[in-house]
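Visitor: Chain by chain, the residues run as shown.
Number of protein chains: 2
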Amino acid sequence: MNDTIKSIATIMKDLDNVLIFPHVNMDGDAIGSASALCLALRSLGKKAYVMINEPVPKNLDFLECGCTTTDDSVLDDVQLSLMLDCNGMNRISGREKAWERGRLKGCIDHHSTKAKEIRYDFSRIEPKSAATGEIVYNVIKAMGCEITLDIANCIFAAITTDTGNFQHTNTTSRSHEIAGHLYKIEGFNSKVISALIYDRKSKNAIKMESEVISNLDFYADGKLAVGKVTQEVLRKTGCTMDEADGIIVRMMSIDGVEGACLFKETDSSVRASLRGRSYADMAKAASKFGGGGHTLAAGCTFNGMSLEDAEKAMIPVLIDTVNAR
Amino acid sequence: MNDTIKSIATIMKDLDNVLIFPHVNMDGDAIGSASALCLALRSLGKKAYVMINEPVPKNLDFLECGCTTTDDSVLDDVQLSLMLDCNGMNRISGREKAWERGRLKGCIDHHSTKAKEIRYDFSRIEPKSAATGEIVYNVIKAMGCEITLDIANCIFAAITTDTGNFQHTNTTSRSHEIAGHLYKIEGFNSKVISALIYDRKSKNAIKMESEVISNLDFYADGKLAVGKVTQEVLRKTGCTMDEADGIIVRMMSIDGVEGACLFKETDSSVRASLRGRSYADMAKAASKFGGGGHTLAAGCTFNGMSLEDAEKAMIPVLIDTVNAR
Chain A
0 MNDTIKSIAT
10 IMKDLDNVLI
20 FPHVNMDGDA
30 IGSASALCLA
40 LRSLGKKAYV
50 MINEPVPKNL
60 DFLECGCTTT
70 DDSVLDDVQL
80 SLMLDCNGMN
90 RISGREKAWE
100 RGRLKGCIDH
110 HSTKAKEIRY
120 DFSRIEPKSA
130 ATGEIVYNVI
140 KAMGCEITLD
150 IANCIFAAIT
160 TDTGNFQHTN
170 TTSRSHEIAG
180 HLYKIEGFNS
190 KVISALIYDR
200 KSKNAIKMES
210 EVISNLDFYA
220 DGKLAVGKVT
230 QEVLRKTGCT
240 MDEADGIIVR
250 MMSIDGVEGA
260 CLFKETDSSV
270 RASLRGRSYA
280 DMAKAASKFG
290 GGGHTLAAGC
300 TFNGMSLEDA
310 EKAMIPVLID
320 TVNAR
Chain S
0 MNDTIKSIAT
10 IMKDLDNVLI
20 FPHVNMDGDA
30 IGSASALCLA
40 LRSLGKKAYV
50 MINEPVPKNL
60 DFLECGCTTT
70 DDSVLDDVQL
80 SLMLDCNGMN
90 RISGREKAWE
100 RGRLKGCIDH
110 HSTKAKEIRY
120 DFSRIEPKSA
130 ATGEIVYNVI
140 KAMGCEITLD
150 IANCIFAAIT
160 TDTGNFQHTN
170 TTSRSHEIAG
180 HLYKIEGFNS
190 KVISALIYDR
200 KSKNAIKMES
210 EVISNLDFYA
220 DGKLAVGKVT
230 QEVLRKTGCT
240 MDEADGIIVR
250 MMSIDGVEGA
260 CLFKETDSSV
270 RASLRGRSYA
280 DMAKAASKFG
290 GGGHTLAAGC
300 TFNGMSLEDA
310 EKAMIPVLID
320 TVNAR
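Chain order of the listed sequences is A and S.
Number 109 in numbering that gives the first Met the number 0 belongs to position 110 of the first sequence; there are no gaps in the numbering.
Number 132 in numbering that gives the first Met the number 0 belongs to position 133 of the second sequence; there are no gaps in the numbering.
Treat the hints loosely; a few may be bogus.
Pairs of lysine to aspartate or glutamate, EDC-like flavour, derived with a Cα cap of 16 Å [said to hold, decoys possible]: (1) S:K183 x A:D220; (2) A:K222 x S:D198; (3) S:K287 x S:D319; (4) S:K202 x A:D220; (5) S:K202 x A:D254; (6) A:K200 x S:D120; (7) S:K222 x A:D254.
Far from chain S by the CB rule (all over 10 Å, computed), these chain A residues [what the hints assert, rightly or not]: (8) T9; (9) L43; (10) K127; (11) K183; (12) D266.
For the record, the hints were derived by calculation from the structure and aren't laboratory data.
Beta carbons: idealized from backbone N, C-alpha and C, even for Gly.
With the hints as constraints, model all of the structure from the sequences given.
Guide: What follows is the structure in structure tokens.
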């Protein structure tokens, strides 16, 4: 059962020392929501930190807002450990010790798969919220905090990244209503935020993307697009694998493509990122190789396999997937 | 002086035969606003058409909604000719004869440069509206029309394309408020609309983009990015020039780029599209070669000049422009 926004706000206002845990492989919603809530708690005179154990992705670094720490012992006493934008121990791996320090355990999330191993003292999971940032916005308002410019920027980043700039199906009327409120904050400028998030690609990354896109293969009458980020292309362009993140979105913008697969080659394994447009069940395709995810966005890993062998195994399954209508 | 939304709605409700004129080189706001208003007028039992003399761009074809015509004499009697998302004769060129048929002349627009050659019977120009679609939405509501799914799709397309998916500085609280209302329309799904607008690129176009991006030149310590769409690259990839539209947006996503110039080579001229990020005055740069536009989005044309000569003339000016801070 979900606790109400009001009851969560009441509990939080009563606590002085809070650690906030965004999920591993932080995205804009994870770090944006976490920093927004941290700043709001601090504005009430509380001690609060966002506990991380990996660097914040470069394009999201401005969302740290002085909130993040990697120091397990940053607070003498931790009254609350709060999981944000996630709800299971595997989503905060490497930070278990810090998590256990919280005398109370809480969770605010919008992912529908609920982990069962934790007994939360309070939790609120809203699968219909486009972003955890929307729930956090409501908690902050319910605590009576002012929405400062920094908080507005964090909430906007959370919502705009998780909704694909208000284009994905998860977007709701409320996503726009909250964004509309943010525009009323003195100094708020969405262009500044989106330029920080989206417009700081390296020249090398842009050229690497182009090289991968130029060499796409198509199957099933163009319904399936397959791309490869090899170690060779990374070496040649001086890029790291995380710079390949935007490629699959571009693959999906091609007319007639129902499914896309981007193979990412590492030294010891091959990762396949999968996307579907409307009917292709990519989670099912991924599950055949031990992976999973959502119907239209999934993935799997081929350990100890060459790229060629991974392709040979995966592509026939994907052809069936895009043909299965 | 602007007429009020209410008075415009009152006038429109009194008329039976209306021709609507979107601007040349139709964009999502032009055709989206025009069709939305046309559908609303028809729902009131009126005869209304969107008068065009060029094909609607392929990615916007679903916005025609049976409203467009190229037939000057489609109505026996034209009570109103209404210019939409533009306000000067040069913006409806080729349709002057049809325009003159309207006994009343009206204008609804959000472009701040007001043409003086037309005496409108009524007009409303709101330069602070992110899209003409926002003004049209308010007119439709004021006429008491139901926002049908087709109208909602048209208004959403108008707003999302003119705001760069709610990221540009022109976006306001009202843009989000209206979008929030559209989500409440039965069957509304923004993903369907954005997939139609953005995700129907041809394979060739994607490869052409990649080729141009792979061959970018950088000047002024990376502050200026210059790309070229040559006739050769179009021939090689089987593309037309209008498929190069998205390239300059990608150029602006590169870290450190303050200005971008994309040269487009035709048989007889070279067109330079210019974008600035924050301080580069691209309108001023373009004006040196007889062009113009907004500070951060401008362009000019070099007639009867080779690409090499256009580069030689333009690039030094652009280097000064991105260095002038």
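Visitor: Now look at each hint and say whether the structure bears it out.
Guide: The hints, checked one at a time:
1. The hinted pair formed by K183 of chain S and D220 of chain A fails the criterion: a straight-line CA distance of about 37 Å is larger than 16 Å.
2. Proximity of K222 of chain A to D198 of chain S is assessed by CA-CA distance (about 13 Å); at most 16 Å being required, the pair is judged to hold.
3. Restraint check: the Cα-Cα separation between K287 of chain S and D319 of chain S comes to about 13 Å, which is no more than 16 Å; the hinted pair holds.
4. Taking the CA atoms of K202 of chain S and D220 of chain A, the gap is about 12 Å. The hint holds against a cut of 16 Å.
5. Between K202 of chain S and D254 of chain A the alpha-carbon distance is near 7 Å, which keeps this suggested pair within the 16 Å criterion.
6. Only pairs whose Cα atoms come within 16 Å are accepted, and K200 of chain A paired with D120 of chain S is rejected, the gap being roughly 50 Å.
7. A distance of roughly 33 Å separates the Cα atoms of K222 of chain S and D254 of chain A; the hinted pair therefore is violated under the 16 Å criterion.
8. Listed as outside the interface, T9 of chain A is consistent with that label: its C-beta sits roughly 28 Å from the nearest C-beta of chain S, beyond the 10 Å cut-off.
9. Every C-beta of chain S lies more than 10 Å from that of L43 of chain A, the closest at about 27 Å, which supports listing it as non-interface.
10. At the 10 Å boundary, the C-beta of K127 of chain A stays outside the reach of chain S, the nearest C-beta of that chain being 12 Å off.
11. With a closest Cβ-Cβ approach of about 6 Å to chain S, K183 of chain A is found to fall inside the 10 Å limit, against its non-interface label.
12. D266 of chain A, annotated as away from the interface, keeps every beta carbon of chain S farther than 10 Å; the closest lies near 26 Å.
When held up to the earlier numbered hints, the structure conflicts with 1, 6, 7 and 11 and fits the remainder.
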